[in-house]
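Chemist: As a plain string of letters, each chain reads:
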Amino acid sequence: MEDKKSQGIVDRIWNILTSIKLAVVVFTLISVTSIAGTLIQQQVEPERNIKMLTKVFGDSAPAVFKVINAMGFTDMYRSWWFLALLFIFAVNLVICSIDRLPGIWKLAKTPIRPIEPEIFKSMIVRPQIQVKGKLEDTVSSVTAELKKIGFSNVLTDGKSGQIYSEKGRYSRLGVYVTHLSILLIMMGGIEGKFFGFDGYLALPEGGTASSIESRDGSKIPLEFSVRCDDFDVSFYDDTDTPKSYVSNLVVIENNKEVLKKQISVNDPLRYKGVVFYQASYFFNPDNIANSKFKMKVYAQGAGSSQDVSVGLDQSFDVPGTKIKGKVVDYSPAVGIDNKTGELFTYSNQMNNPAAFIEFSEAGKTVHKQWVLKRFPETWKTPFGSIQLLDIWGVQYTGLQVRKDPGVWLVYLGCLFMAVGLYAAFFMSHRRIWVHVAEEKGKTTVTVAGSANKNKIQFDQKIDSLTKSL
Amino acid sequence: MDSSQLFGIATIAYILAMVAYIAYLAFKNSTIGSIATTITIAGFVSHTIAFFVRTAEFLEVGQMGIMRAIPLTNLYESLIFFVWCIILGYLVIEFKYKTKSFGAFITPIAGMTLAFIELSGIHKDIHPLVPALQSNWLLSHVTMSFLAYAAFAISFATAMMYLAVTTEKKKDGAYIFWTTTLGVFITILAAMCIDFFAFKIAASRPESFIKSYLFKATFRSSSGIVVLLSTIGLGAIIYAVYNYGHILKKVITSFNLSKDVLDDLTYKSIAVGFPVFTLGGLIFGAVWADQAWGRYWSWDPKETWSLITWFVYAFFLHARYLRGWKGQKIAIVAVVGFVSTIFTYLGVNLLLTGLHSYGAQ
Ligand code: HEM
Numbered sequence: 001m002e003d004k005k006s007q008g009i010v011d012r013i014w015n016i017l018t019s020i021k022l023a024v025v026v027f028t029l030i031s032v033t034s035i036a037g038t039l040i041q042q043q044v045e046p047e048r049n050i051k052m053l054t055k056v057f058g059d060s061a062p063a064v065f066k067v068i069n070a071m072g073f074t075d076m077y078r079s080w081w082f083l084a085l086l087f088i089f090a091v092n093l094v095i096c097s098i099d100r101l102p103g104i105w106k107l108a109k110t111p112i113r114p115i116e117p118e119i120f121k122s123m124i125v126r127p128q129i130q131v132k133g134k135l136e137d138t139v140s141s142v143t144a145e146l147k148k149i150g151f152s153n154v155l156t157d158g159k160s161g162q163i164y165s166e167k168g169r170y171s172r173l174g175v176y177v178t179h180l181s182i183l184l185i186m187m188g189g190i191e192g193k194f195f196g197f198d199g200y201l202a203l204p205e206g207g208t209a210s211s212i213e214s215r216d217g218s219k220i221p222l223e224f225s226v227r228c229d230d231f232d233v234s235f236y237d238d239t240d241t242p243k244s245y246v247s248n249l250v251v252i253e254n255n256k257e258v259l260k261k262q263i264s265v266n267d268p269l270r271y272k273g274v275v276f277y278q279a280s281y282f283f284n285p286d287n288i289a290n291s292k293f294k295m296k297v298y299a300q301g302a303g304s305s306q307d308v309s310v311g312l313d314q315s316f317d318v319p320g321t322k323i324k325g326k327v328v329d330y331s332p333a334v335g336i337d338n339k340t341g342e343l344f345t346y347s348n349q350m351n352n353p354a355a356f357i358e359f360s361e362a363g364k365t366v367h368k369q370w371v372l373k374r375f376p377e378t379w380k381t382p383f384g385s386i387q388l389l390d391i392w393g394v395q396y397t398g399l400q401v402r403k404d405p406g407v408w409l410v411y412l413g414c415l416f417m418a419v420g421l422y423a424a425f426f427m428s429h430r431r432i433w434v435h436v437a438e439e440k441g442k443t444t445v446t447v448a449g450s451a452n453k454n455k456i457q458f459d460q461k462i463d464s465l466t467k468s469l
Numbered sequence: 001m002d003s004s005q006l007f008g009i010a011t012i013a014y015i016l017a018m019v020a021y022i023a024y025l026a027f028k029n030s031t032i033g034s035i036a037t038t039i040t041i042a043g044f045v046s047h048t049i050a051f052f053v054r055t056a057e058f059l060e061v062g063q064m065g066i067m068r069a070i071p072l073t074n075l076y077e078s079l080i081f082f083v084w085c086i087i088l089g090y091l092v093i094e095f096k097y098k099t100k101s102f103g104a105f106i107t108p109i110a111g112m113t114l115a116f117i118e119l120s121g122i123h124k125d126i127h128p129l130v131p132a133l134q135s136n137w138l139l140s141h142v143t144m145s146f147l148a149y150a151a152f153a154i155s156f157a158t159a160m161m162y163l164a165v166t167t168e169k170k171k172d173g174a175y176i177f178w179t180t181t182l183g184v185f186i187t188i189l190a191a192m193c194i195d196f197f198a199f200k201i202a203a204s205r206p207e208s209f210i211k212s213y214l215f216k217a218t219f220r221s222s223s224g225i226v227v228l229l230s231t232i233g234l235g236a237i238i239y240a241v242y243n244y245g246h247i248l249k250k251v252i253t254s255f256n257l258s259k260d261v262l263d264d265l266t267y268k269s270i271a272v273g274f275p276v277f278t279l280g281g282l283i284f285g286a287v288w289a290d291q292a293w294g295r296y297w298s299w300d301p302k303e304t305w306s307l308i309t310w311f312v313y314a315f316f317l318h319a320r321y322l323r324g325w326k327g328q329k330i331a332i333v334a335v336v337g338f339v340s341t342i343f344t345y346l347g348v349n350l351l352l353t354g355l356h357s358y359g360a361q
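Residue numbers (my numbering), protein chains in the order written: chain D, 1 to 469; chain S, 1 to 361.
If you are wondering where the hints come from, they were derived from the structure by calculation, not from laboratory data. Beta carbons are placed, not taken as given, at the ideal position from N, Cα and C, and that holds for glycine. Where hints are given, some of them may not hold.
[As the list claims (entries may be wrong)] Below, simulated EDC-like cross-link-like pairs (lysine to aspartate or glutamate); rule was C-alpha separation at most 16 Å, straight line:
hint, chain 1, residue 1, chain 2, residue 2
1, D, Lys-453, S, Asp-264
2, D, Lys-148, D, Asp-459
3, D, Lys-368, D, Glu-358
4, D, Lys-455, S, Asp-260
5, D, Lys-167, D, Asp-198
6, D, Lys-292, D, Asp-313
7, D, Lys-243, D, Glu-253
8, D, Lys-455, S, Asp-264
9, D, Lys-261, D, Asp-230
10, D, Lys-132, D, Glu-438
11, D, Lys-243, S, Glu-60
12, D, Lys-294, D, Asp-329
[As the list claims (entries may be wrong)] Just so you have them, the derived chain S footprint on chain D, three or more residues with Cβ under 8 Å:
hint, segment
13, 24-34
14, 239-253
15, 402-415
[Unchecked claim] Interface residues of chain D toward chain S, partial, derived using beta-carbon atoms under 8 Å:
hint, residue
16, Tyr-77
17, Ala-418
18, Val-419
With these hints in hand, go ahead and build the complete structure from the sequences.
Modeler: Written out as structure tokens, the structure is:
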């Protein structure tokens, strides 16, 4: 230890940064402020937090909110002081590791050697045992037994009469791999923040876009454009429980379709580092002018069918007849009122799309009927069967769009962490020295060894070694 | 037989086992001990079969293949699995350490959790998977998280026992700490019982979200008097545990568990739980969030609480490894870690709002 006075300012800062005390303080600060951040809702309208604060502070809630807000607690995880805490945590981790690494590195690099008799004595783990048989036989049986308990590379030193081996020397570095992994993850996070973007894109069926909207409402241009050909929700049998949301997307670059993919919630589209996630969807009746009712029309008795795609109030021919059909009304979700038997729209999502079709012959209306997409029994009409496939164009797909060039660093960090933790907890550096000597026709065996972790298991292994000798 | 009947059998078995283990401790009769173990194993077998039966039932409803039918998709199923992990962990300890003394502590945790399921009115229906949960990460993320929670629960039990066995005086900080913690746990369970009687019987719709009625009959009541009374109740229970803690201590001491074994078990459970939690809970969770939402970390309350829990256990390991902390100090950290774990698992869902709607029903 150096004298306090002779320490320069650099040394002093270094000492602070290597201290575990600082780590504890930072751990605690991050935890406590994080807890506050989970209690106060983040990035929401002020009213929601004020309402919650009123329960605790009563009338002074708005004032309390003002203070909390000014301190950054309503968008805490992006506030300068929280990022500063994370930064100090990282620096502390680096310096701490650097401070101790050289010593451990040396340990990890230096292979096991025979040891001096005095040191050997201090590391003896079992009382001396005597075995029958010649020295050479004992040496080879000890070697074989060592291999049996997992020491694959057994060395013999004739001069000292030691048979020695070690295992898991590099596991000593596991801790550092773990610490490094935390830094990699943080670096990945920073890279993503500075060189990536994050936004949202709402596309109607048939729509194309070449830019997205960021959180603050500004536009972020893309190097290519995306088109949504179709969006669809499927449901579990007769329920309104959604089974899947899918969008058929097409990437267009230089007027060429370069990629087509159907995305769903856990299966995004990736192109040139930009990823499109299925995030939401909505129904927009304003787009009905551009929409198409897609139907399959089967003429009475005939097996063949015809695909029909018409807009609202447009007519189509029913094949094999002189009848014309026309969609005059529609609903995204038709339900039947149990009491009155009347139809009504029960949701503003396309849960159960339906078209109201008017049939006419020579300009005279002869029949009117609702056709429901999810109920085949409604498809039968006096003039053949009409299956409603889709009301195309009124649904929007909501896509979360992200470019994160740092994500590979985060994944690499995760991998390092898994490896590091495995090494730190489930591996240990075990060293063993067995001294074999022949005295007065008797062969004696003495076992010395050490393990830096999981000593009980090491002990059991040595037990099995000595027993079989 | 359907899965809920089989789970019911397991519940009854664990409660009987709890009684048997306590009787075993009281009479030290090896026949009673064997009976306790047999009942636990029988319960465990029934529990395991129930798990498979529910998977089959799920398969029929979901129709998405076996990998999407593992019943780990809501709070009810996750709690059931948590209990399964605890019992498995306990049986491993019983056979490895050849001691039945922990039975009297672990089976109550299992019984209490199952009682919690009944009391909280969590609904037990099978729901087909919503799109967000249709991921292969669901299985690894959730199973590993619960394995870790179970390991932490065991470390909590051993750490509490350690504290009970080693504290001498009522003025000891450690004594106050463990009796208060136990008091708070008992109060929370009692408050849930009160909720159960106040709402489940009165309410016509028991399936209404727990979130909306949890503690509403006590601490979150609209009546100030009820809140005051509840707080007094909390104080009274804590005081009672504090005052009669020595009786518990005597009981536990009579098991002849060496405190070193308790200390070692606390460390070992955490040394197993921590890497599993890191990999399954944090890393796989992040990867899944990245796949599904496009962000690996959003600081939503569940994620944040996982991180806090992770910090506490990281602190535990550093304190032990670097500072050589042993005994009471480290046991307290283990208890704090588990309190944080419970909050991550249940508190966040029941009390806070966030993205992880999973488990909220
Ligand atoms: C939450 C983040 C952290 C994690 C997950 C972590 C993980 C670990 C693990 C697993 C060990 C090995 C413990 C054992 O074998 O029982 C360890 C040791 C250690 N940690 Fe950390 N650590 C973290 C943060 C820190 C920080 C901020 C510091 C700096 C003060 C630090 C300093 C150390 C040191 C000095 C060792 C001992 C290394 C040696 O034996 O040479 N750790 N860490």
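Chemist: Determine which of the earlier numbered hints do not hold for this structure and return their numbers in increasing order.
Modeler: Hints 5, 7 and 18 not satisfied by this model.
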